[in-house]
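Undergrad: Hints are included, so try docking the two chains, each in its own frame, into the full complex.
The listed protein sequences correspond, in order, to chains A and B.
No gaps in the numbering here: position 114 of the first sequence is 114 in the UniProt record's numbering, and each next residue is one more.
No gaps in the numbering here: position 162 of the second sequence is 162 in the UniProt record's numbering, and each next residue is one more.
Derived by calculation from the structure, the hints in this document are not laboratory data.
A few of these clues could be false.
Under the rule of at most 20 Å between Cα atoms (straight-line distance), these lysine to aspartate or glutamate pairs were calculated in the EDC-like manner [claimed, not checked]:
hint, chain 1, residue 1, chain 2, residue 2
1, A, K52, B, E158
2, B, K15, A, E88
3, A, K52, B, E242
4, A, K174, A, D13
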Amino acid sequence: MIKIDSVSKRFGDFYAVNNVSLDIEKGEFLGLLGPNGAGKTTLIKMFIGLLKPTTGIIYIDNKKMSRNNMEVKKKIGIVPQHTNLDKELTVYENLIFAAKLFKIKDYKKRIEDIISFMELEGYKHKKSMNLSGGTQRRVMIAKALIHNPEIIFLDEPTVGIDLNGRRKIWDILKTMQTMGKTILLTTHYIEEADYLCNQVCLINEGKIFKKSTPKILKEELGIYTLEYFDKEMKTKYLYFKDKDSGENYVRGIENISYTIRKTTLEDVFYNFTNRKVE
Amino acid sequence: MEVFTVLWREYIFFKRRFLKITTSAIMIPVLYLIAFGWGLGQDVVIEGATYMEFIIPGIIALSTMNTSFNAVAIRINISKLYERSFEYYLTSPINMYLLALGHILAGALRGMYAAVLILSVSLLFGVKLHIDFYFILICFLNSFLFAAFGYGAALSIESHYDMNRFTTYIMTPMLFLCGTFFSLKSLPPMVKGAIGILPLSHTSFSLRQIVLKGQFDHKSIIVLLVYSIVFYSFGVAMSYKEMK
Numbered sequence: 001m002i003k004i005d006s007v008s009k010r011f012g013d014f015y016a017v018n019n020v021s022l023d024i025e026k027g028e029f030l031g032l033l034g035p036n037g038a039g040k041t042t043l044i045k046m047f048i049g050l051l052k053p054t055t056g057i058i059y060i061d062n063k064k065m066s067r068n069n070m071e072v073k074k075k076i077g078i079v080p081q082h083t084n085l086d087k088e089l090t091v092y093e094n095l096i097f098a099a100k101l102f103k104i105k106d107y108k109k110r111i112e113d114i115i116s117f118m119e120l121e122g123y124k125h126k127k128s129m130n131l132s133g134g135t136q137r138r139v140m141i142a143k144a145l146i147h148n149p150e151i152i153f154l155d156e157p158t159v160g161i162d163l164n165g166r167r168k169i170w171d172i173l174k175t176m177q178t179m180g181k182t183i184l185l186t187t188h189y190i191e192e193a194d195y196l197c198n199q200v201c202l203i204n205e206g207k208i209f210k211k212s213t214p215k216i217l218k219e220e221l222g223i224y225t226l227e228y229f230d231k232e233m234k235t236k237y238l239y240f241k242d243k244d245s246g247e248n249y250v251r252g253i254e255n256i257s258y259t260i261r262k263t264t265l266e267d268v269f270y271n272f273t274n275r276k277v278e
Numbered sequence: 001m002e003v004f005t006v007l008w009r010e011y012i013f014f015k016r017r018f019l020k021i022t023t024s025a026i027m028i029p030v031l032y033l034i035a036f037g038w039g040l041g042q043d044v045v046i047e048g049a050t051y052m053e054f055i056i057p058g059i060i061a062l063s064t065m066n067t068s069f070n071a072v073a074i075r076i077n078i079s080k081l082y083e084r085s086f087e088y089y090l091t092s093p094i095n096m097y098l099l100a101l102g103h104i105l106a107g108a109l110r111g112m113y114a115a116v117l118i119l120s121v122s123l124l125f126g127v128k129l130h131i132d133f134y135f136i137l138i139c140f141l142n143s144f145l146f147a148a149f150g151y152g153a154a155l156s157i158e159s160h161y162d163m164n165r166f167t168t169y170i171m172t173p174m175l176f177l178c179g180t181f182f183s184l185k186s187l188p189p190m191v192k193g194a195i196g197i198l199p200l201s202h203t204s205f206s207l208r209q210i211v212l213k214g215q216f217d218h219k220s221i222i223v224l225l226v227y228s229i230v231f232y233s234f235g236v237a238m239s240y241k242e243m244k
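This is chain B alone, in the form it adopts within the complex (with noise of 0.2 Å):
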């Protein structure tokens, strides 16, 4: 019941801001792929496909990643810090655990617009990509699993200010280093290891091989399924760390 309220109020505010929301889910991957895609990566040939064609699921791993977190994240800490609305929650009789659920789920679902939106631009650019379930699966996790990151770093801070913390020193370097514009087979060894971890370059990889072999790696579900509880966990006890 929380959960669809939650998404219920989402959904108006969604509608609301429909075309801010839009064309702001758009702007950043048509630069990507007009700067990285047609300019740079013009006569470009990588792991056997265009340029473009390898860039697009990266370009869609950061996009769903950095939607879903600022989804959620801009929205508790506005709640939180200058609407003061996420108190009230506190203080109504719903569970914490199914809160966070619903505004995890929320910013899940714009990831996956986001995602959407990239799909369509990338066939005015003339690429068709290949699309299946598992494709669908992983794009939701990854929104997933930063949705649930944005909920537990909203709530973790006290200043609007320290939220670029997270995005200077999580949410950047993940969007350049995790295999999202290159390769990461280039890199050495214990470099590409630790990038290896991360969760986007999960997804990157997952994404690629979808698009470009027709492969799937099951174990990249599990590495984003973890992050996903974890991060979910994160979020429920932020939640209940507001009540002091």
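Just chain A, with the same shape it has in the complex (with noise of 0.2 Å):
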């Protein structure tokens, strides 16, 4: 569904995005996982054509993506990061104007139909300005999707939202998923990642270095980890395939403080970068 080949971006002498190379399958609910300045919204923002590529090409759907392919345009729905709803207009406004940016001709029944699947009934008439920022990230949801897009993506979909609207756009999301939408989501969140994503991406300095289930990339390092501070003080991560041969490593070490619980996909990002995604 989408194919990326040594796509690199570079502003001046730094490359925010270094050779990376990706396949996404149809369905496929995929996560990109880094931290901030990782590289994932100007990845992000090559696919969607907002910037072209330093070196290498895009496909969606088998078509190069460039700033005038129409067509492609059309086959996705993009969530940013930062809110981009017209703040002067309604929530329904909102979705009057994407539809006929999209040229929808049956507009008004496909925005009833949104604004119920995103639960914004009780919103319609309010002005986007006056919303909270977990609704408002719902009616740019509800933009992105108001041409039933075959892709969807999310940048950073839930920053600065409360566990509540993030659990509502969980949800959203999973349904989505089910509706055998292709979906590409950046995150910091390792739980976002971990709950939502059927494959994830581990994104840092630009470059891609793991792509796997979160199951699998947890598996092979070891799904229990001992976190344990050493002589000086250092916290040190070890990691084990049950949580007694982590007890059995620690019994031998007199005055050890440690605790043994199961590795997140932060363990794993930490063991290939020391670095922590959040």
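TA: Structure, rendered in structure tokens:
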């Protein structure tokens, strides 16, 4: 569905994305997981035609992505990191505007369906500037879905949203996945990637260094993590296939302060980069 | 289609802010009319007309310029840098030249609205002007070209503060120098020649010729049309530049 081949993006001497190749299958829910400045947003901006790759090619549904490729633009929906709503317009007017831009003929029915799907009935005639962050984000998702795209790009869709709002958005994204949409999500929330994505790409300093399912990534490292302080009072991590192996390891060490817990994607990321995601 | 979509959105914006837009469009021209028309120019006769009759075409020229420039520049500036809604256009399947045209036409219509307001206000000041098709055409072209300039200018900058550069170094000098408040005849030939190239000079001159003498110079239409095309192209080019 999406293929990128040796894509790089350079700003001056700095490579924000460096020689990245990636295949995303139809129906895949892929999470791009990495810390701030890892190159996630740059990569997504190249996917949607806002940035032109310095080198390499991006194909969406076997068609080369470019700023003028209207056919490809009709197939993708975008939820950017920053709110992109027209603040003077109501929720309903924002959706009419989006529908008109995408030249949807019977847009009234479509808008009603989307409003119902996103549970926005109570906000229909409220100006978007008066909505909470979580509701604004749901309107943005509604806007992105207005033309029923096959592929949806979400750039940090839950950043700055409270837990309730985040859970609501997660439910929507899960439903979208069951509808067969191909979804690419960037996030630096570990639990978000873990809960939503069936594939995760770990990205750091502009490079993708691992792609797999969250389960396999954790299994490869070890399902249990032993976290302890060494003699210099630095936190150390060791990974084990089972809890007993971890317990056995610490048994022979005197005066050790430790925790044994389930391995997370954060541990996987840290193991590769010596850097935390959040 | 894109043009009408943008016009529809701008109409909603206009409708919601009707009072604010109207009062701000009237405020400065009324001050000019009071200060320069009633106050300063009470006993002044210039080019065979009262000073009030002389400056009203100039004020229409500068108001259509300011209103259309600001209407587009501020909207685009906010949509690009604050609301980030401009990005949405860039990722939608729309033609940039039609998108630009929609915004510019909306700005031009706001300029025309300002012209109508000033004409109405001038009636209150006891001045009834001769208006014909060419008068409306010149007003529209002036509004269109400055709306186009505002569109390109707003897209060419990366900070709200940079917008001041355009108003300080381009719009304000034109506002005062392009024959809006005085006749260019009194200026040294070199200065007059340089100022005469500017679009607002053509607008002020043409509107005044129509109002005071019932005459019209077709050359001005060509000049304003050329400026319109150049600024429109600049705006479209800046839209594409947004996709780096």
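Undergrad: It remains to establish, for every hint, whether it holds in the given structure.
TA: Hint check results:
no.: 1; hint: A:K52 to B:E158; verdict: holds, 19 Å
no.: 2; hint: B:K15 to A:E88; verdict: holds, 11 Å
no.: 3; hint: A:K52 to B:E242; verdict: holds, 11 Å
no.: 4; hint: A:K174 to A:D13; verdict: violated, 39 Å
Hint violations for this structure: number 4 only, all remaining hints satisfied.
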